[in-house]
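In order, the protein sequences belong to chains A and B. Quick note, in the working numbering, the first sequence goes up one by one and the last residue is 167. Quick note, in the working numbering, the second sequence goes up one by one and the last residue is 167.
Honestly, I wouldn't trust all of these hints.
A pair holds if it fits inside one copy or across any two, identical chains being indistinguishable in the list.
[Unchecked claim] Distance condition first, Cα-Cα at most 20 angstroms in a straight line; then the derived SDA-like pairs of lysine to any residue: (1) LYS119 to LEU129; (2) LYS46 to GLU63; (3) LYS80 to THR125; (4) LYS46 to ALA100; (5) LYS80 to SER38; (6) LYS80 to PRO104; (7) LYS46 to GLU101; (8) LYS136 to ASP118; (9) LYS80 to LEU11; (10) LYS80 to PHE70; (11) LYS80 to SER68; (12) LYS46 to ASN94.
What the hints contain is simulated information worked out from the structure, not anything from laboratory work.
Number of protein chains: 2
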Amino acid sequence: MRLLGIDPGSLVTGYGVIDGDRDNVCYVASGGIRTDPSSPFSDRLKVIYDGLTRVILEFQPTEAAIESIFHSHNVQSALKLGHARGVALLAVVNAGMMVAEYGPTAVKRAVVGSGRADKEQIQRTVEMLLNHRMGKGYDASDALAVALCHFYNSRTERRIRLLEERR
Amino acid sequence: MRLLGIDPGSLVTGYGVIDGDRDNVCYVASGGIRTDPSSPFSDRLKVIYDGLTRVILEFQPTEAAIESIFHSHNVQSALKLGHARGVALLAVVNAGMMVAEYGPTAVKRAVVGSGRADKEQIQRTVEMLLNHRMGKGYDASDALAVALCHFYNSRTERRIRLLEERR
Numbered sequence: 001m002r003l004l005g006i007d008p009g010s011l012v013t014g015y016g017v018i019d020g021d022r023d024n025v026c027y028v029a030s031g032g033i034r035t036d037p038s039s040p041f042s043d044r045l046k047v048i049y050d051g052l053t054r055v056i057l058e059f060q061p062t063e064a065a066i067e068s069i070f071h072s073h074n075v076q077s078a079l080k081l082g083h084a085r086g087v088a089l090l091a092v093v094n095a096g097m098m099v100a101e102y103g104p105t106a107v108k109r110a111v112v113g114s115g116r117a118d119k120e121q122i123q124r125t126v127e128m129l130l131n132h133r134m135g136k137g138y139d140a141s142d143a144l145a146v147a148l149c150h151f152y153n154s155r156t157e158r159r160i161r162l163l164e165e166r167r
Numbered sequence: 001m002r003l004l005g006i007d008p009g010s011l012v013t014g015y016g017v018i019d020g021d022r023d024n025v026c027y028v029a030s031g032g033i034r035t036d037p038s039s040p041f042s043d044r045l046k047v048i049y050d051g052l053t054r055v056i057l058e059f060q061p062t063e064a065a066i067e068s069i070f071h072s073h074n075v076q077s078a079l080k081l082g083h084a085r086g087v088a089l090l091a092v093v094n095a096g097m098m099v100a101e102y103g104p105t106a107v108k109r110a111v112v113g114s115g116r117a118d119k120e121q122i123q124r125t126v127e128m129l130l131n132h133r134m135g136k137g138y139d140a141s142d143a144l145a146v147a148l149c150h151f152y153n154s155r156t157e158r159r160i161r162l163l164e165e166r167r
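With the hints as extra help, turn the sequences into a complete structure.
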């Protein structure tokens, strides 16, 4: 299966695409959709939506996962992040896909093994797991981490289903 | 000119369409796009986006205005509202329109004359100004109030421009 992971943000929305079969995962693509802070906010939302729609069209993922947000520094940043995450979710749903949601702690625990891992640790683990050297910034590696979290989660679910069928 | 006013919300997104020429405004349409709280949040965002897109296609407004949000009860409700407002803005921008933004106090002041008006007062004033009896709930009248605010604002701007050209 091909998985798309999304790390939404009003300034940069990270995306990461991986291929996974039963036991192996490999890197396909990743990057950041950057918006211009000096342009109208509604135009920036369009950049995020169009950017993700292009990524979906190009790489044809079969499943998508996005980081869920429960906390924010304040109401203002929550509002901004909500706008960005809203259009990111819409891009996935408008492409006919379901989207799984994982909290930041769940992502860190699934990928690094600790819910308290920092962004640097996440990036190094993602680089190691996917055998791919990441560039500067954490948007792409955070998105790949969400995709990896979804892969591990789906794999566990599949195994449980198989075990239940054999009983 | 034909104006679309939007009052975004994750449960109900109000819309109101008015026609305005130099001095007169008249009611065209209004309503609420209701989402099912029991369905996945991403599907509810699609309902808001598709609903507004349909309203724009049907009534072909030339300008749009939306209520801006600065405050919220808490981070959780700000996040939810941000998602809804994000896809509402995207529906307008994807239809090729610019969107003006007005704070709640500016809308109340422009329509009722007082920045402290409550929803009941807004609805009664909207009914009077547009000579149209509204149904239950305040989503449609709040959206019409945003459209009216934009109409008055544009009219003032046009008058100032005319006066400046004559000087």
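For each hint, the structure was consulted:
1. LYS119 to LEU129: Answer is within; shortest intra-copy Cα gap is 15 angstroms, inter-copy 55 angstroms.
2. LYS46 to GLU63: Classified as between: cross-chain Cα gap 18 angstroms, same-chain 22 angstroms, threshold 20 angstroms.
3. LYS80 to THR125: Answer is neither; intra-copy 29 angstroms and inter-copy 32 angstroms both fail.
4. LYS46 to ALA100: between (22 angstroms within a copy, 16 angstroms between copies)
5. LYS80 to SER38: Answer is within; shortest intra-copy Cα gap is 15 angstroms, inter-copy 25 angstroms.
6. LYS80 to PRO104: This pair counts as both: shortest intra-copy Cα distance 18 angstroms, inter-copy 18 angstroms.
7. LYS46 to GLU101: For LYS46 and GLU101, the Cα distance is within 20 angstroms only across copies (17 angstroms; inside one copy 22 angstroms).
8. LYS136 to ASP118: within (15 angstroms within a copy, 50 angstroms between copies)
9. LYS80 to LEU11: both (10 angstroms within a copy, 19 angstroms between copies)
10. LYS80 to PHE70: both (14 angstroms within a copy, 10 angstroms between copies)
11. LYS80 to SER68: both (14 angstroms within a copy, 12 angstroms between copies)
12. LYS46 to ASN94: both (14 angstroms within a copy, 7 angstroms between copies)
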